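**Student:** Same order as they appear, the protein sequences are chains A and B.
Just so you know, the numbering used here puts the end of the first sequence at 124, numbered straight through with nothing missing.
Just so you know, the numbering used here puts the end of the second sequence at 115, numbered straight through with nothing missing.
These are computed hints drawn from the structure, not numbers from a lab.
Please read all numbers here as calculations on a predicted model, not as lab measurements.
Possibly wrong hints are sitting among the right ones.
[Stated by the list, open to error] Computed footprint of chain B on chain A; a stretch qualifies when at least three of its residues, placed anywhere within it, have a C-beta under 8 Å from a C-beta of chain B:
id, region
1, 32 to 46
2, 58 to 68
3, 115 to 123
Even glycine gets a Cβ: it sits at the ideal position worked out from N, Cα and C.
As a plain string of letters, each chain reads:
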Amino acid sequence: SQQGEEDPQALSIQEGENATMNCSYKTSINNLQWYRQNSGRGLVHLILIRSNEREKHSGRLRVTLDTSKKSSSLLITASRAADTASYFCASYEDLGGKLIFGQGTELSVKP
Amino acid sequence: NAGVTQTPKFQVLKTGQSMTLQCAQDMNHNSMYWYRQDPGMGLRLIYYSASEGTTDKGEVPNGYNVSRLNKREFSLRLESAAPSQTSVYFCATSRQDYSNQPQHFGDGTRLSIL
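Between the sequences and the hints, there should be enough to build the whole structure, so can you do that?
**Tutor:** This is the structure in C-alpha cells:
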C-alpha cells in the first residue's frame with residue numbers, strides 16, 4: 014500500500030521564490046528520500062535523510078524530518094525555471110526494506 | 002556511462018499480446034527493481050531482485066513475470082496484456098538492497114494496451 018502522501022499536489026511560483034513541499038508517511042522508517050522527475054524522464058535522486066537526522070542540506074535544497082509526526086519537508090530556495098519538475102518523497106520502511114513512493118508534487122517555476 | 006537503459010521506449014500492444022520489457026545497467030549494482038507509474042498513484046513496485054539469482058514480488062505483481070538474466074539485466078514480461086497494464090514502466094537499480102542506498106532510474110517504457 015502507498016505510504017507517502019504529498020502536499021500540495023501542484024505548486025506554481027515565480028523564479029526566485031522558495032518552494033516548500035511536504036510529505037507524510039505511515040510506518041516506522043529507516044530513511045526518507047526525495048527524487049525529482051522531469052517530464053518524460055526517469056526519477057533522479059536528490060537527497061536522503063536518515064531516521065536519526067532532523068535536517069539536511071544540499072545546495073539549494075533543505076530537507077527536514079520529524080519522525081514524531083511522520084512527516085518531511087523539502088525546501089528549494091531561490092527557485093529557477095529549471096527546477097520545474099515533479100518531486101517525490103520515498104520512505105524506506107524499517108520492516109520489509111521497500112522504498113514506498115508518494116504521489117508527488119508538481120512544481121512549476123515561472124520565469 | 003549509460004547508467005540504466007530501458008528498451009523499448011514506447012510500445013503499443015493489443016489485449017492478449019505478450020511482450021518483454023528489457024532493462025540493462027552498467028553501474029555494477031546488485032539490486033534491480035521494476036515499477037509502474039500511473040497518474041495520481043506515484044510509483045508502485047512490481048518485482049525486484051535483491052541480487053543476481055533472486056527475485057521477489059512487490060506490491061502489484063499480478064499479470065507480470067521477471068527474469069534476472071545476469072547481474073546487468075532484469076526483464077519484465079507481460080504474458081497476456083490487459084488494458085489495466087497501460088502505464089509507464091521504470092527500471093531502477095541500487096548498490097544493494099536493505100540499505101541506505103538511493104535508487105537510479107531509467108527513462109521508462111511507455112506502454113499502451115488497446
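**Student:** Determine which of the earlier numbered hints do not hold for this structure and return their numbers in increasing order.
**Tutor:** The structure conflicts with no hint, since it agrees with every one listed earlier.
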